[in-house]
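Going down the list, the sequences are from chains L and V.
For the first sequence, our numbering begins at 1 and goes up steadily by one.
For the second sequence, our numbering begins at 1 and goes up steadily by one.
FYI, nobody ran anything at the bench for these hints, they're computed from the structure.
Please note that a few of the clues may not be correct.
Listed next, with one range per pair, are the computed distances between beta-carbon atoms [as the list claims (entries may be wrong)]: (1) L:Ser192 to V:Ser300: 22 to 30 Å; (2) V:Gln376 to L:Gln285: 23 to 31 Å; (3) L:Lys183 to V:Thr464: 50 to 58 Å; (4) L:Asp511 to V:Arg452: 23 to 31 Å; (5) L:Ser192 to V:Lys383: 33 to 41 Å; (6) V:Glu29 to L:Glu433: 36 to 44 Å; (7) V:Thr464 to L:Gln285: 50 to 58 Å.
Quick list of in silico lysine-lysine cross-link-like pairs, DSS-like style, CA-CA up to 30 Å [to be verified]: (8) L:Lys183 to V:Lys111; (9) V:Lys126 to V:Lys112; (10) V:Lys112 to L:Lys362; (11) V:Lys120 to L:Lys357; (12) V:Lys10 to V:Lys48; (13) V:Lys375 to L:Lys357; (14) L:Lys21 to V:Lys407.
All residues carry an ideal CB built from backbone N, CA and C; glycine is no exception.
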Amino acid sequence: MPVVELNLNRIKKLISGNTTKKKIIDTLPFLGLDIESQNGDQIRIEYSPNRPDYSTDFGIALGLQGLLGIKKGIHKTNIKKYGKFEIKVDPSVSKIRPFVTGIIARNGTIDDETIKQLMNMQEDLHFGIGRKRKKSSIGLHDLDKISFPLNYTTSTREHSFVPLNSESKNTIEQILSETEVGKNYGWVLGDSKKVPIILDAEGKTISFPPIINASVTTVTTKTKNILVEVTSLDKDAAEDMLSVVVAILQMAGFEIIQLTVSGKKNCTPKLNSRIIQYDTKLTEQILGLNLTPSAIVSSLKKCRLGAIQKGNKIQCTIPRYRFDIFGPMDIVEEIALGYGIENIVPKLSPSQTLGEKSFMTKKLELISKTVVGFGFTEVLNSSLTSKKILFDFTNRDSSQIISVMNSKSQEHTILRDSILPGLVENISKNIHESYPQRIFETGTVFSKAKPISEITNLAGVIAYKESNYSEMKAILQSILKIGFKIDIKTKTPKDNVTMFADGRHSDIFVDEELIGTVGEINSDVLDNFKIRTSVVGFEIKLSGLIFD
Amino acid sequence: MSQVLHDIEKKIIGSLQKKSGQTPEQLSESTELSIDQIRRGIEWLRLKELAQVKESSKVEISLGQNGIDAFKTGLPERKLMDLIKDGPKTFDEVRTILSGAGFNAAIANAKKNGWVKIDKNESGSKISVKEKSIETPEEKLISLIGEKSIPEEQIENKLALKFLLQRPDYIIQNTEKSKTVSLTDKASNIDSTISTSGAIDVEANVPMVFAARTHPLKDTIDEIREIFVKLGFSEIQGTLTQSSFWNFDALFTPQDHPARELQDTFYLENIKSEKPATPKQIKQVSASHSENWRYNWQLSESQKMVLRTHTTCVTIKYLAEKKPDEARVFSLGRVFRNEKVSYKHLVEFNQIEGIVVGNNTTLRDLMGIQKEFYKQLGLTKIKFWPTFFPYTEPSLQTMVYNEKLGKWVELFGMGIFRSEVTRPLGITKPVLAWGGGIERIAMLKYDLDDVREFYNNNLNWLRTV
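Could you build the full structure based on these sequences and the hints that come with them?
Dropping the structure here:
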């Protein structure tokens with residue numbers, strides 16, 4: 001989950017109404033925000049990835065104003081049209097990064113904290129809805145360093161300019177191969193010869209999207225007016241991103257002015273609100289709350305949406321930046337939030353059905369009970385294990401290995417096809433505990449099929465000086481006989497290439513079907529695991545034998 | 001005296017009653033028991049407070065390599081005096097005979113002893129006898145030790161020993177520890193004659209033994225399963241490997257969503273599901289994605305096999321297949337996340353998820369079921385907070401007050417399946433879902449701070465928890 005850091009004094013000022021810090025802290029969870037940590041007036045907040053408007057304290061203040069009843073209803077996007085701000089799109093971008101959109105924000109004040117918040121917003125937008133800048137990316141620039149009209153076009157990789165946080169000119173190629181952002185995001189552009197670039201009327205490079213801005217337009221605490229540009233593979237995605245920035249900058253006190261966009265498939269963003277007709281019946285059907293239309297309207301307004309009652313329906317106005325709202329069910333959630341989750345009283349209706357465990361669960365419980373009765377303690381190992389334990393240490397055939405990709409943990413790279421190696425490993429981790437040690441496990445094992453076969457196995461081991469084949473066979477025989485009235489037969493196997501000692505293991509059959517093996521673990525394997533006592537083990541499949 | 005003594009103990013007591021203060025070796029000789037038996041017997045007697053053991057250490061002194069050389073041919077300064085006894089010699093003459101470090105030591109010590117004088121002129125320094133050299137205390141000590149090893153306390157001239165210790169490799173100190181065993185007052189009257197009555201020491205300590213048992217986490221899983229059954233839910237089963245179609249696509253997770261990336265989800269290498277779902281299901285899910293998320297949905301992406309990241313894929317598959325008008329079912333089992341293993345994260349853990357299908361079930365009912373569930377677990381201080389899940393709307397999470405931590409902790413989540421999830425699969429009734437990780441609850445129950453403990457299979461913990 002993404003995180004944003006807030007200062008309580010600052011957010012109290014942004015809310016600009018009669019409230020207390022305690023009220024703010026108590027209300028945050030009811031916006032769906034988790035307080036991760038608090039240090040005096042600084043708090044770290046986790047927010048959901050579907051609400052990028054919560055990536056700054058401005059957006060959170062907007063939400064808090066609603067729930068606290070200080071300012072309700074829609075936070076309307078107000079785009080003015082004056083001045084000559086235009087960006088022209090060159091057709092050459094169409095195969096690389098076809099869309100651009102943007103806005104002008106004027107007459108605001110920016111302090112260090114605002115810059116921090118805006119950077120957090122930018123990072124979140126890039127990572128989340130921007131899909132690591134691939135789908136869309138955003139740039140903020142000092143408007144007063146730019147002459148219009150702008151030109152969104154392409155350049156060669158030899159093109160050079162002074163990038164952000166640098167003092168000298170770099171070529172595109174240098175930026176991609178030498179800077180950190182270049183190395184992290186260069187893949188987005190693939191190996192195309194041309195790259196997207198934004199030039200101003202004087203031919204000055206202001207941005208190389210989605211990698212880096214030019215140094216000359218850096219936003220600082222001296223900046224009064226901002227140009228926002230978004231480039232994207234998808235027009236709607238670009239406007240989604242822009243709408244969040246506009247909502248936040250407007251809350252931060254900027255005046256929003258239109259940037260005209262012209263060129264193939266591109267157009268000037270409107271960022272209009274949407275209307276959703278909401279049937280009031282849903283409130284009772286879904287939430288179990290019998291609310292009057294006016295209570296519903298009031299709840300929606302507390303969530304910063306527009307709402308007017310029209311007969312049995314409520315006409316909801318959804319601001320452009322709330323693109324997480326798809327339909328009526330999302331409206332229901334907004335009503336629940338506005339009404340207050342804490343005000344909804346849980347209700348326990350008796351079940352009309354009888355519950356039941358699955359057949360397999362019941363049988364597995366019986367297996368556990370029986371095996372415990374023979375003095376075995378249950379262990380639990382991961383289904384994901386390592387090649388070392390499963391194959392290398394146990395001399396087992398690894399030709400049918402099933403691997404997972406890019407595991408972050410070396411001990412968890414392949415799916416087990418057998419439980420027994422894990423049990424031997426458990427014994428090796430317990431050499432300081434008293435003997436005899438008897439352990440067992442039931443669990444899923446995997447093998448290649450179309451695409452994967454999963455069955456449930458039972459395995460057990462006994463470790464102490466005098467443990468031997470006959471002891472284990474006797475126990476296994478009794479588990480199946482006493483618990484499940486199943487008779488086993490053991491046969492001398494044809495080959496010896498296993499983890500067992502030669503002449504000290506057998507294949508187990510039930511009605512001529514091979515169901516598993518039992519035997520003494522051979523000394524090479526024990527050496528590999530650094531075990532200095534005798535170990536005997538078995539493994540049988542339960543699927544097909546005890547249950548399907 | 002109720003104590004019954006082992007034969008070994010009786011033999012040791014008998015011997016010590018005859019002669020107090022013996023070493024274990026001496027006892028071994030006098031009782032004809034092995035040294036191991038003696039050591040064991042002494043330990044038993046000591047625990048019963050019948051014997052006491054005094055440990056003492058003794059330092060033995062012998063000569064090192066330089067010491068032995070000096071013993072045989074004299075200290076370097078003595079050799080020097082021999083060289084110059086017939087007249088002064090230059091440094092160079094002396095150096096060639098007393099080679100190496102011996103030269104420096106010889107000059108320094110001879111000067112310190114006041115034996116020699118040194119005259120400097122253009123042709124170099126000359127050394128000559130100043131006064132007659134008598135045998136030094138160090139020399140006396142070297143001849144006293146010789147090639148023997150003698151106890152330190154026998155050396156009277158400690159100062160000479162100190163000087164020699166400062167010179168390299170002259171003296172070797174060897175510390176030897178020894179034990180002497182004697183009886184306590186309690187034991188002096190014990191009859192140590194060996195009897196054959198068969199009585200044993202009924203008060204003696206016995207070893208700890210352990211009962212076999214099921215795994216503590218399994219017990220919690222069973223307990224939670226029982227509560228679900230009690231609340232009217234029936235168990236359904238599903239596989240741990242799933243196609244991306246059921247793990248993600250059917251649950252309205254767009255194909256470029258970060259949760260689907262390799263770094264969060266385990267994909268199986270080179271394995272795909274040819275037909276993850278029916279053609280109709282594929283067509284409708286594809287349409288829902290294209291329409292709502294506005295992108296080009298790919299079948300190949302949905303065919304990739306993953307280790308399921310939640311049990312929701314099992315419930316959604318059940319719903320798509322059965323399309324029940326009313327149902328209460330749950331699925332329970334392992335789920336996987338590609339995370340770094342830490343005290344709070346595992347790559348593989350257990351999750352339970354229940355769903356309620358029906359016309360007259362609302363969010364309030366779902367909250368009621370939660371409340372009852374936690375009550376059954378003995379957790380009564382709970383509240384609900386809004387949260388976000390990609391496939392439910394509205395979505396809530398339960399917060400439970402943890403007395404030990406003094407704060408609210410997040411447990412199960414719940415919500416109503418989005419129509420973007422249910423409609424393409426032909427599910428027409430509202431579906432309420434709830435569930436979460438089980439290890440978290442088990443950690444509260446067993447008072448653990450580290451979730452890895454459940455999978456360490458440490459027998460000491462399993463046997464005693």
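Notebook entry, point to check: Which earlier hints can't be squared with this structure?
Noted result: Hints 4, 5, 8, 10, 11 not satisfied by this model.
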